[in-house]
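Just so you know, the sequences run in chain order A and B.
Under my numbering, residues 1 to 340 are what the first sequence spells out, in order.
Under my numbering, residues 1 to 340 are what the second sequence spells out, in order.
Derived from the structure by calculation, the hints contain no laboratory data.
Where hints are given, some of them may not hold.
One copy or two, it doesn't matter: identical chains are merged, so the pair holds either way.
To be verified - In silico lysine-lysine, BS3-like type, Cα no more than 30 Å apart, as pairs:
#1 K255 with K326
#2 K58 with K326
#3 K23 with K161
#4 K325 with K58
#5 K115 with K255
#6 K58 with K255
#7 K58 with K115
#8 K161 with K325
#9 K115 with K325
#10 K255 with K325
Protein chains: 2
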Amino acid sequence: MINQDNGISLNTLQEAVEEELMKVVSVVREDGTEELHHMLAYHMGWEGERAGPEARGKRIRPILVLLASLAAGGDWEHALPAAAAVELVHNFSLIHDDIQDNSHLRRGRPTVWVKWGIPQAINAGDVLLNLAFMAITRLEETASPSIALHAHSILQTTCLKLTKGQYLDLSYQSRSDLSPQDYWPMVSGKTAALLAACTELGALVAGANPFLCDLYRQFGNHLGLAFQAQDDLLGIWGNSAFLGKSTESDLAEGKKSLPVLYGLSLNGPFARRWRSGPIHLEEVPEMAAQLDSEGARQYTQEQVARSTSLALQALEDAHPTSVGKKLLSDLATALLYRQG
Amino acid sequence: MINQDNGISLNTLQEAVEEELMKVVSVVREDGTEELHHMLAYHMGWEGERAGPEARGKRIRPILVLLASLAAGGDWEHALPAAAAVELVHNFSLIHDDIQDNSHLRRGRPTVWVKWGIPQAINAGDVLLNLAFMAITRLEETASPSIALHAHSILQTTCLKLTKGQYLDLSYQSRSDLSPQDYWPMVSGKTAALLAACTELGALVAGANPFLCDLYRQFGNHLGLAFQAQDDLLGIWGNSAFLGKSTESDLAEGKKSLPVLYGLSLNGPFARRWRSGPIHLEEVPEMAAQLDSEGARQYTQEQVARSTSLALQALEDAHPTSVGKKLLSDLATALLYRQG
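Next up, chain A with everything else stripped away, as it sits in the complex (with noise of 0.2 Å):
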């Protein structure tokens, strides 16, 4: 996603994220446990059937702590315990949500729940939400007590964002009041406060002060809803979910998203063929060109260039180092530009 530039190379960092991810994840391994360190190890990606990077998914979040340390003038290698915590809480949420969202598939192979069962599976998600806590302790052997705490108190507070975040998720699946004021609480929990963490982290271990930190963290939280917002545009406009496979539109799904809302608040033809009932597949392209003619489509690009806007602003005024400025605007403008 990031060519190797101006002296750091992008596989060096995500090797050293996955060697610091291993070495955590190991501690799990004992006489007797072998087992449970295997389902998390299929889980991460590194055993079991196609195991290997298309397994592991983009490692976005520990790439985005090391990139944000580097911009605050930091040396990344102090952030790879930070890295591994974000990246370890992001797994352990998407164990949970596949049980609870009922996914047979994670990045192409079945899900936890579906290889070990649900008992197995919620503590294997809780495994690796403690073992996130577990690796940002390993901060305290570079960094002083008082930023270890204070990385301490950022990660509490985002997983209980997120966890809030998964609880409006949850609830909304009930509820037919919803509008596009509902969405940003439930994105701002479930993907940006992690986005948050990883550049305030970053910049936390690499030293800066409490007001780059705040800038740092603003460059995450508008980085983060802007990569929702550009999902839920390619979860119905996207190139496997328009072109593709109807199978893959969130429309099939019934999922709440940005467009949708925007949709719903309308009360237009959209709104009334989505509260009669499930959309089948036939009708997913029909539905995808309704909702695009009444302007939502349009609604999400702009709230994703706005965030956009916001969070280069924000990394703007933080007055990042070169590299680190070039490397997260070019992370940025790939996860923005994505088409799948």
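Given chain A, put chain B in place with the hints provided.
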């Protein structure tokens, strides 16, 4: 359970714990997340049908933190954040346990998953775990950064042990090759680790040195092992399991408790009947008597006595304050010689 004594009223401690818990949990209550707060307040026994002391459980763990702190010469009020944290960890595990074990009742009331569904219950447990980590950050208000960081680390290690123990417990359900040797790693994680954390945290916050903190940890650990073995005894030969309703017997539930693992390792009449299929309700009294006649009850009683003696020795070695020693011994006695 403990009488007012030496100027310290157990009531005062319990009320202070409840207030601290409510304060921590209240951060969840915001515009739009009132129902999430209600779920947690329901589970904690503060709200909903039959809310009150019965629905709250005994709060043994937080009281243990405060008493250990007193015993180590500290101010119990300074230990309140740690007390709240361990009780929140305990309750996180209960919410997830109830889903994993398909339990419909907890403290006589419908479980969270029965009332709000599995997806929201998984998330409610996640919230409580996050609140536990948030609770412990409040230590920073009175303790030094190094003590606060150490407390974080104890909580993290403990939660990880808890989830490893839960993994073992879940994996044992489908195994028939278990012996009493398999019992201890599981119970060390599921029960003893958290009680060990209670007493260690209490001593740590009181400013005890590492040697003393370790003795308090040992006290809690042995107490936890004794407590669980006693629980297993009551689950088969306690008033409600044996004399009362067979439905409340661990034998009817097929639970692989210590007496059962002992019986299975003998390969006698009990083991043969157990392996031939689930025990019916009408067989429960006869099977309990059979297991007793094979020596499982005596074996388990010996384990309780052994762990209790090790616990009291560790406490003795820690030279506790007289008030702390008295209250901790009373609590241990009340826990271990309970009949129901």
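Verification of the hints:
1. K255 with K326: Classified as neither: same-chain Cα gap 35 Å, cross-chain 59 Å, threshold 30 Å.
2. K58 with K326: Classified as within; 19 Å inside a copy, 57 Å across copies.
3. K23 with K161: both (27 Å within a copy, 17 Å between copies)
4. K325 with K58: For K325 and K58, only the intra-copy Cα distance (20 Å) is at most 30 Å; the inter-copy one is 55 Å.
5. K115 with K255: For K115 and K255, both the intra-copy (25 Å) and inter-copy (24 Å) Cα distances are at most 30 Å.
6. K58 with K255: Classified as within: same-chain Cα gap 23 Å, cross-chain 43 Å, threshold 30 Å.
7. K58 with K115: Within. Shortest intra-copy distance 23 Å satisfies the 30 Å Cα cut-off; inter-copy 37 Å does not.
8. K161 with K325: within (28 Å within a copy, 41 Å between copies)
9. K115 with K325: neither (42 Å within a copy, 49 Å between copies)
10. K255 with K325: So K255 and K325 fail the 30 Å test inside a copy (35 Å) and across (58 Å) alike.
The structure is inconsistent with the numbered hints 1, 9 and 10, although it conforms to all the rest.
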